[in-house]
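Protein chains: 2
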Amino acid sequence: MSGSRVIHATDDGWAEVDVRRYKDRGGPFLDVVRHTLLGGPGAEPDLAFEVRYFEVAPGGYSSLERHAHAHAVMVVKGRGTVRLSDHVEQISALDVVYVAPHEVHRFEAHETECLGFVCVVDRERDRPELVDEGDVAP
Amino acid sequence: MSGSRVIHATDDGWAEVDVRRYKDRGGPFLDVVRHTLLGGPGAEPDLAFEVRYFEVAPGGYSSLERHAHAHAVMVVKGRGTVRLSDHVEQISALDVVYVAPHEVHRFEAHETECLGFVCVVDRERDRPELVDEGDVAP
Chain A
1 MSGSRVIHAT DDGWAEVDVR RYKDRGGPFL DVVRHTLLGG PGAEPDLAFE
51 VRYFEVAPGG YSSLERHAHA HAVMVVKGRG TVRLSDHVEQ ISALDVVYVA
101 PHEVHRFEAH ETECLGFVCV VDRERDRPEL VDEGDVAP
Chain B
139 MSGSRVIHAT DDGWAEVDVR RYKDRGGPFL DVVRHTLLGG PGAEPDLAFE
189 VRYFEVAPGG YSSLERHAHA HAVMVVKGRG TVRLSDHVEQ ISALDVVYVA
239 PHEVHRFEAH ETECLGFVCV VDRERDRPEL VDEGDVAP
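Protein chains in written order, with the working numbering: chain A, 1 to 138; chain B, 139 to 276.
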């Protein structure tokens, strides 16, 4: 068994991939779920990175945070915005976002559409630091 | 300048991302183009990986090849098949493919639809070895 495989998309995620409500960091966020697609703990030890899919429900948003590791993101469903420090930009399907190390960032879904994106990170990485809204003017 | 940025999708690719016909390896392939989205040579030195987008035109296919580095793939446009050693599987939007180290593989578009996919690889990686059709029965 080589480990190669196809993980088929389903109506609500991917076959045999658990969905996790994204509440493990205890930060101020709303309606975000995570699917770890490839390279999670114990999987694909040959990958130096992890591939995750996040879906933010309409009106939801991710934590405002920063960390030393970078994010490589591609939007694959819906639309919304990304906040990068004091800059907010519209994003939609196939747009790519690079979040550089230590950049304060947040992903937010449109009020009436979800925002689904793939996010690739180094396997070895630091934990995010939550940022207070008051510390960074949008 | 932190380097963070949004790279917007356009009608035929991404803003400020060059498209390259994929003929640099001289292998038997047909109608494949590559867009290096993040982490290419000289870019994003903090990323341990590269994010590329490949689009195979209807009826086209990538080289039959293998290498020590793994591929993490997500289909984002169209449909087709992936061949993993002697196994061929249908793939379409949002399906994920993990190509393990040394696995012989080829991506092929449907006859009437393109196959567009994101492919993440380690930044440091070996060069692909082309495989002769006769060496691996499909």
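Just so you know, these hints were derived from the structure itself, not from any lab.
Note that the structure is predicted; figures quoted are calculated from it, not measured.
C-beta: ideal position from N, C-alpha, C; glycine also.
Among these hints, one or two may not hold up.
Unchecked claim - Partial chain A-side listing against chain B, Cβ under 10 Å, derived:
#, residue
1, Val73
2, Gly78
3, Glu103
4, Val118
5, Glu124
6, Pro128
7, Leu130
Which of the listed hints are not met by the structure? 2, 6 and 7
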